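Novice: What follows is each chain in one-letter form.
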Amino acid sequence: MSLEPTEWTEELFDAFAAPDNFCQGLQSIYVKAGYYKDMGTGEPILIESTKIIRDALGIIIRKDIERYDYRRAGAPPDRYHRETWSTCRIPGFPTGATLKKINEETTRFYCFGAGLMAGGGKQLARLREVAGYVCYDKHPTDAAVSADGLARLAARGMNTAGPAGLVVDSARPLIQALGEGTVIDQTDAPQTAVWLDPYWTERDLVLDEPDKRTTWVVSKDHTRDALPDIEGPIFTPKPGWRYRLPVPIDPPTLAGRALDVTDAGNQLTISGGGATLHATDNPVHIPPERYRLERRVVSEPSRSASGDPLGLWDPDPVATEPSTLWSESGATDYAGGASSSTPAQTGYSEPGDTSEPTVEDWTVVAELRNETDPGQASWVDPDVLSSGEYSYRARAIIGEEESEPSNTVTLAYAGTSTSGMMRVRVRRAHDGSLELDILAPVDPHLPGPTGTDDVLDYGETVILDPVHAAVAGVTGAGATDGDTVIDPVDLGDDIVGSGDDALGLLDPELPADDTETTDAEELAEEIALRQFARDQEAGLEVDITLTHPLLGLERGQWIQLPAIDWKTLGNDLIISTAIDTDPWMIDGFSLGLSRTSESELSGLDSMVLYLVEP
Amino acid sequence: MSSALAKFGATVYMNRRDVTPWVQSLKIEQPRRCLYRYFEATFAGWSAVEEGARWDVFATYDPGTTDRAELVIRNGFVPYDRERSMAVARGTQPTLTVRGYDLTWRALRLRPASTIVMLPGSADVASVEAALREHSGPVGRYITWAHMDSMHAAVTALCNRAGLNVSTQVPNHALAPYVVDPAKSYWDAALELVAPFAPNPVIYRRSDNTIVIADPASAPYQLGRTMELPEQLIKAARGLPIKHRRTKRVLVRVPPWR
Chain A
76 MSLEPTEWTE
86 ELFDAFAAPD
96 NFCQGLQSIY
106 VKAGYYKDMG
116 TGEPILIEST
126 KIIRDALGII
136 IRKDIERYDY
146 RRAGAPPDRY
156 HRETWSTCRI
166 PGFPTGATLK
176 KINEETTRFY
186 CFGAGLMAGG
196 GKQLARLREV
206 AGYVCYDKHP
216 TDAAVSADGL
226 ARLAARGMNT
236 AGPAGLVVDS
246 ARPLIQALGE
256 GTVIDQTDAP
266 QTAVWLDPYW
276 TERDLVLDEP
286 DKRTTWVVSK
296 DHTRDALPDI
306 EGPIFTPKPG
316 WRYRLPVPID
326 PPTLAGRALD
336 VTDAGNQLTI
346 SGGGATLHAT
356 DNPVHIPPER
366 YRLERRVVSE
376 PSRSASGDPL
386 GLWDPDPVAT
396 EPSTLWSESG
406 ATDYAGGASS
416 STPAQTGYSE
426 PGDTSEPTVE
436 DWTVVAELRN
446 ETDPGQASWV
456 DPDVLSSGEY
466 SYRARAIIGE
476 EESEPSNTVT
486 LAYAGTSTSG
496 MMRVRVRRAH
506 DGSLELDILA
516 PVDPHLPGPT
526 GTDDVLDYGE
536 TVILDPVHAA
546 VAGVTGAGAT
556 DGDTVIDPVD
566 LGDDIVGSGD
576 DALGLLDPEL
586 PADDTETTDA
596 EELAEEIALR
606 QFARDQEAGL
616 EVDITLTHPL
626 LGLERGQWIQ
636 LPAIDWKTLG
646 NDLIISTAID
656 TDPWMIDGFS
666 LGLSRTSESE
676 LSGLDSMVLY
686 LVEP
Chain B
18 MSSALAKFGA
28 TVYMNRRDVT
38 PWVQSLKIEQ
48 PRRCLYRYFE
58 ATFAGWSAVE
68 EGARWDVFAT
78 YDPGTTDRAE
88 LVIRNGFVPY
98 DRERSMAVAR
108 GTQPTLTVRG
118 YDLTWRALRL
128 RPASTIVMLP
138 GSADVASVEA
148 ALREHSGPVG
158 RYITWAHMDS
168 MHAAVTALCN
178 RAGLNVSTQV
188 PNHALAPYVV
198 DPAKSYWDAA
208 LELVAPFAPN
218 PVIYRRSDNT
228 IVIADPASAP
238 YQLGRTMELP
248 EQLIKAARGL
258 PIKHRRTKRV
268 LVRVPPWR
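First to last, the protein sequences are chains A and B.
Under my numbering, think of the first position of the first sequence as 76, with each following residue one higher.
Under my numbering, think of the first position of the second sequence as 18, with each following residue one higher.
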């Protein structure tokens with residue numbers, strides 16, 4: 076009736092180094108395991124395993140054969156059995172070192188409690204019995220000990236005058252004696268061994284009570300004449316019942332206001348709600364455990380328009396619908412008439428269904444824990460856009476019950492959009508070094524959800540390690556003609572010899588006002604703005620071949636091609652300079668000449684301009 | 018192909034001697050994303066190319082005179098590993114091809130002869146020790162550059178030492194004492210200094226040997242006047258899209274204050 080293995084695995088570990096002199100060493104460890112693969116869950120269940128350890132000569136040092144008996148898959152095992160074999164000499168046996176079974180262990184499991192019939196009971200009592208060879212030392216007698224040995228025993232204060240026989244107190248299992256190295260590998264050694272079945276018994280006594288289980292573990296060593304050891308009582312509490320709340324939960328009250336501070340959002344405050352028990356004269360109020368906040372977008376400006384206030388991002392060509400590259404206008408249909416236009420899908424409804432698709436637009440934006448008794452929680456929704464209008468409502472939750480929705484609050488956010496802002500964090504290590512951590516603004520052109528934490532897993536992380544630069548501050552603009560003017564950021568007076576003084580200036584642990592940013596944050600923004608800036612390298616590289624040589628070319632010069640109306644297709648990018656009057660920048664050039672006359676090197680072979688988008 | 022403008026021509030000088038009569042064909046190129054130019058000249062039956070010669074290439078729209086000649090390659094230089102290549106075919110003159118680079122090519126690769134210790138103030142012993150303490154790696158023989166108190170000053174000094182004028186259009190910041198590894202060229206050391214503010218430095222090269230490192234946060238601007246190319250001059254156009262890199266997060270590690 077027990078499960079049998081359906082799948083076998085075999086592994087052999089044999090990459091051991093050669094043994095040292097006079098050492099046994101290992102040649103291999105071989106493990107073969109058989110699993111029953113449950114067809115329902117697909118979970119492999121270990122049924123049998125054999126582990127063989129061989130020494131450097133290939134002799135089996137130890138072999139363990141294990142087996143679990145299951146009545147059905149998914150249930151706890153009924154029985155566990157293990158045999159241990161070893162190639163060793165057993166004291167008192169004249170056969171020398173041969174492969175023999177030296178230990179045998181059997182454990183029976185008893186399942187009880189709920190789920191016994193279903194096979195899911197996890198509470199097990201067990202009876203474990205271990206049989207095997209037990210090793211005894213023999214009492215040394217005068218006849219067995221030489222004269223020298225007698226003298227040495229006497230010097231150690233040991234008595235040899237007793238009767239010949241076993242030293243009962245020296246009994247230990249052979250498997251333990253082999254591990255300890257207390258078996259003398261000589262035929263005339265004063266040791267012997269007997270097979271005891273069992274020499275060790277261990278069982279659990281379990282008392283099932285309404286609220287807990289009490290367990291005693293009783294173990295008995297049969298080689299000793301002593302009372303059993305009793306460990307316990309061990310208490311295991313039972314999980315309590317969850318009762319469904321028999322009273323309805325009142326919805327909370329929601330209030331909110333739109334913060335007009337930069338980098339803020341809509342602040343929402345939830346209060347009240349919960350259940351009231353009227354069983355007695357004094358009603359008991361149970362506060363909600365959690366509040367669930369839902370949001371609906373009433374109107375929101377296009378994220379591509381206002382979600383990018385810094386103008387950092389190019390439209391993702393994948394996100395936008397590609398334009399039609401070509402159309403076949405000269406072909407006719409089968410009847411000879413004009414061909415129909417390219418089919419285009421405009422909706423996903425069934426044919427003939429004119430109803431608008433239903434939009435379930437209340438989305439859960441936050442779940443807040445309640446710690447107070449009447450109930451109070453507050454939250455700021457950061458994922459809002461400027462001039463967007465949002466509706467909120469809340470529910471109170473106790474256990475798995477939730478209330479009806481609360482009143483609806485509609486807020487119009489007028490502050491700056493937060494999703495277009497960089498997130499700057501400044502950390503200080505123990506050695507005084509600073510780590511400026513800047514997250515990019517959410518790119519409105521990227522597909523995918525933007526969660527409340529606004530972290531998109533898209534793009535690369537740039538790690539700058541300006542060891543030698545030891546940035547003291549951005550102290551001025553680079554351009555002399557006013558092209559690049561950046562507000563100076565003073566992080567310290569003077570870097571040389573400033574010592575610990577500058578530490579205080581930079582300490583980010585100082586409480587920062589909402590409207591002010593620390594100097595380190597400003598430095599981080601100056602660096603990150605340039606790292607996040609739209610890649611200035613062109614989206615298109617163009618080679619223009621000319622019929623006329625050009626001299627005086629500089630890299631960085633702009634060039635306009637006002638009259639060309641060719642279309643060039645590269646992937647999904649189109650050069651169409653007849654409409655696009657944007658200038659191109661010269662990235663390089665190539666000029667080839669060859670001799671035309673005897674005296675002059677004046678024939679133009681080729682003139683190519685390498686252009687990029689500036 | 019014969020040019021529509023027959024009067025266009027070039028002149029090649031080797032060690033200030035005109036060797037144009039021996040030149041069969043000539044190519045002048047500034048590759049993409051590169052600041053240097055090179056020329057490739059094929060000589061016919063002529064093997065007197067001197068070792069380590071200085072090459073100058075002029076081009077003009079009026080080869081009869083030298084009035085409006087433009088210096089295309091200045092102080093050309095043939096690297097030792099690309100000295101010359103020969104091509105011989107049966108029944109023809111043997112040809113010799115020489116590829117030389119202009120001064121910028123050498124300037125971008127010039128390395129300091131010893132370690133440079135940059136100091137914001139004067140070169141007192143304490144400052145030098147402070148710089149060397151923070152430096153990980155061998156130092157060896159070193160020289161000190163004093164009063165390198167800002168990033169712009171250091172970039173300008175490094176580039177000037179290599180023979181380049183540079184105009185740094187990115188924000189400036191103060192510098193701590195630090196050590197320049199002599200394994201890097203002057204130009205690489207300068208680029209590393211502007212790296213936090215110029216992730217993909219937009220670099221222009223002016224014909225007066227000035228290199229402009231532009232600020233990526235400012236609007237792009239041009240050098241000189243915008244050229245307009247009429248359609249009649251254009252023979253072919255070929256485009257190749259480039260991928261953009263997107264940066265999600267930036268981590269800046271500022272070492273402890275010194």
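Keep in mind that the hints were calculated from the coordinates and are not lab data.
Nothing here was measured: the structure is a model prediction, and the numbers come from that model.
Beta carbons are placed, not taken as given, at the ideal position from N, Cα and C, and that holds for glycine.
Don't take every hint at face value.
Not close to chain A: a few residues of chain B, all C-beta gaps over 12 Å, as computed [as the list claims (entries may be wrong)]:
hint: 1; residue: W39
hint: 2; residue: S42
hint: 3; residue: G69
hint: 4; residue: G157
hint: 5; residue: N177
hint: 6; residue: P233
hint: 7; residue: K265
Which bits of chain A does chain B cover? Going by a derived footprint, with three or more residues having C-beta under 8 Å, they are [unchecked claim]:
hint: 8; stretch: 83 to 91
hint: 9; stretch: 118 to 129
hint: 10; stretch: 222 to 229
hint: 11; stretch: 616 to 624
From the structure, some residues in chain A lie toward chain B, with a derived Cβ separation under 10 Å [claimed, not checked]:
hint: 12; residue: L280
hint: 13; residue: V455
hint: 14; residue: P457
hint: 15; residue: A595
Novice: Compare the structure with each hint and give your call.
Specialist: Verification of the supplied hints:
1. W39: violated (10 Å)
2. S42: Label violated. Min Cβ-Cβ 4 Å, cutoff 12 Å.
3. G69: holds (24 Å)
4. G157: holds (17 Å)
5. N177: The claim stands: B:N177 keeps its Cβ more than 12 Å from every Cβ of chain A (closest is about 17 Å).
6. P233: Check fails; 5 Å does not lie beyond 12 Å.
7. K265: violated (3 Å)
8. 83 to 91: violated (count 0)
9. 118 to 129: violated (count 0)
10. 222 to 229: violated (count 0)
11. 616 to 624: Holds, because 9 residues of the stretch 616 to 624 of chain A bring their Cβ atoms closer than 8 Å to Cβ atoms of chain B.
12. L280: Since the shortest Cβ distance to chain B is 60 Å, the answer is violated.
13. V455: violated (23 Å)
14. P457: It is violated, given that the least Cβ distance between A:P457 and chain B is near 18 Å, above 10 Å.
15. A595: holds (8 Å)
Going through the hint list in order, the structure does not satisfy hints 1, 2, 6, 7, 8, 9, 10, 12, 13, 14.
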